[in-house]
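Number of protein chains: 2
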Amino acid sequence: QIADAVEAWFDAHADGRLTGRHVLVTAGPTHEPLDPVRYIANRSSGKQGYAIARALARMGAKVTLVTGPTGLTPPAGVDTVKVETARQMLAACEAALPADCAVCCAAVADYRPQIETEHKIKKERGGLSTIALSENPDILRTLSNHETSRPKLVIGFAAETDDVIGHADAKRKRKGCDWIVANDVSPGTGTMGGDNNTVTILSEEGEEAWDNMPKAAVAGRLAEKIADALLGKK
Amino acid sequence: QIADAVEAWFDAHADGRLTGRHVLVTAGPTHEPLDPVRYIANRSSGKQGYAIARALARMGAKVTLVTGPTGLTPPAGVDTVKVETARQMLAACEAALPADCAVCCAAVADYRPQIETEHKIKKERGGLSTIALSENPDILRTLSNHETSRPKLVIGFAAETDDVIGHADAKRKRKGCDWIVANDVSPGTGTMGGDNNTVTILSEEGEEAWDNMPKAAVAGRLAEKIADALLGKK
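Chains as they are written, first to last, in my numbering: chain E, 174 to 407; chain W, 174 to 407.
There are no misleading hints in this set.
Some but not every residue of chain E turned toward chain W, in silico, with C-beta under 7 Å:
id, residue
1, 211
2, 244
3, 283
4, 293
5, 296
6, 304
7, 334
8, 335
Keep in mind that the hints were calculated from the coordinates and are not lab data. Positions of the beta carbon are idealized from the N, C-alpha and C atoms, including for glycine.
Model the full assembly from the supplied sequences, consistent with the hints where possible.
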C-alpha cells in the first residue's frame, strides 16, 4: 500500500526529462543449472530493479529490463528480456547496447557449476560430494570497460553483509563503474525481499547516504539523479 | 482461467469425506544456503503441492502444508508452515505428526553446502572453486519408516527426466512409501512451473497412468484416491 502511494506520487510528478534516452537495467537473480532440476542462485526478489525500470520509463526513457527469474510482473512500457543464467544476461545486455546508462541491479551469480548434466543426477548412482565451479562473466565490469559502446553512466549495486561502504567503494574502483549503490542485506535488515531499502551512493565525488525508504522511492530518487547526470541538474 | 474453472468444479462437488482426518502435505523447493546471499535449490513452483493441500482441505481434512519458498498464496483453511531448508522441513513434518496420510510433494534438495558462512563469500578473497556438499535428511524415507508415528498412507513424488517409471518404481521400494506419483519434468514437457501435469501412480498393486490434466485436477483426483484408501471406496 505504501509502495503504491509512492508510485502514485511519482506518477503524478513525472516529467519527460529522459525522453529519447535509452537505459539498460538488470534485475533479479541468475539461476545456474547443475542438472534439469538443481541450480545455484543468488537471493534477489528483483523488486529494486523493477522499481528502477519503472521510474526511468515514467521519466520518458526507453528502458530495456534484462531480468533473471522473479515472481514479479514486468512494468508496463518497458522492454523486458527474461534470462536465466549470467551468461544469458550478459548476452542480452550486450545485444541491448548502445545505451546512455546501465543500471546493474541484478544479483548475478559469480560462479556456475562447471558441468551441467542433461539428466537428473541420481543420488543412488554415487551422487554428489562436491560441485566444481567456473567463474561467470562479470557483467558490470564488462559494461564499464566496453571498448565500443560503454554507456556514459554505469551504475553497479553492492549487496554486502559487513563493512558495506568499504567493500562497495573497492567494488566501484575494481569494476570501473561510475556509481555504486551500496546496501546492507544482512539477515535482520529486512532488505532482502522486503519493500524498503537503505542505500548509500558512492562515486568519485564521495558518498551520499539516503535514509531508509520504500524501494519505489529509492528508484524515483535514483532516476532523478541519473537524469541530472545525463542532462545536467534541473 | 482453466485452473480456476477446475477448482470451481471441485468446490461445487466437494463432500466432507475426509473430515476428522489429518493430512500432511509438503510442497515447493528447499533452499540450502552457502552464505547470506547464495544458495543451492531444486526447481519447484509449489503449484502441485498447494493444489493437493487445497483439494484435501475441500474434502474436510485438517491439512498441514509444510512449504519451502514459493511465490504462491497459501490456500485458505490450511495450516501452513513456511520453511527454507530440508532440515527445517523435516523438523516441521515431524512436529506435525501424527497424521493419517503424508503427501511428500516438495522437491527437497538432496544435498546442502557442508559449510554455511555467516558473511558473504568474497570472490576477490580467493572465492570459490568447489562447493563441498553434505547429504540432507531424507524426509520421505523418514516418514515412511517412522517408528512411532508412521502415517497409514505415505505418498512420494518422483520428478524424473529419463526412464520415469523405472526410476519412480525403484524410488518407491527404496523409500518404503506406499505410492509414488511419477512425472516427467524434462525440459519441453512444460510440467515444471506450468499449470498441467501428466502423472502415473505407482503402488504395490501396479501402475495407473493418468492423462495430461490441470494440476488442480490431478490434485482433486489424488485427494479422492486418498479418501478411498483411508476410508474404502465410496
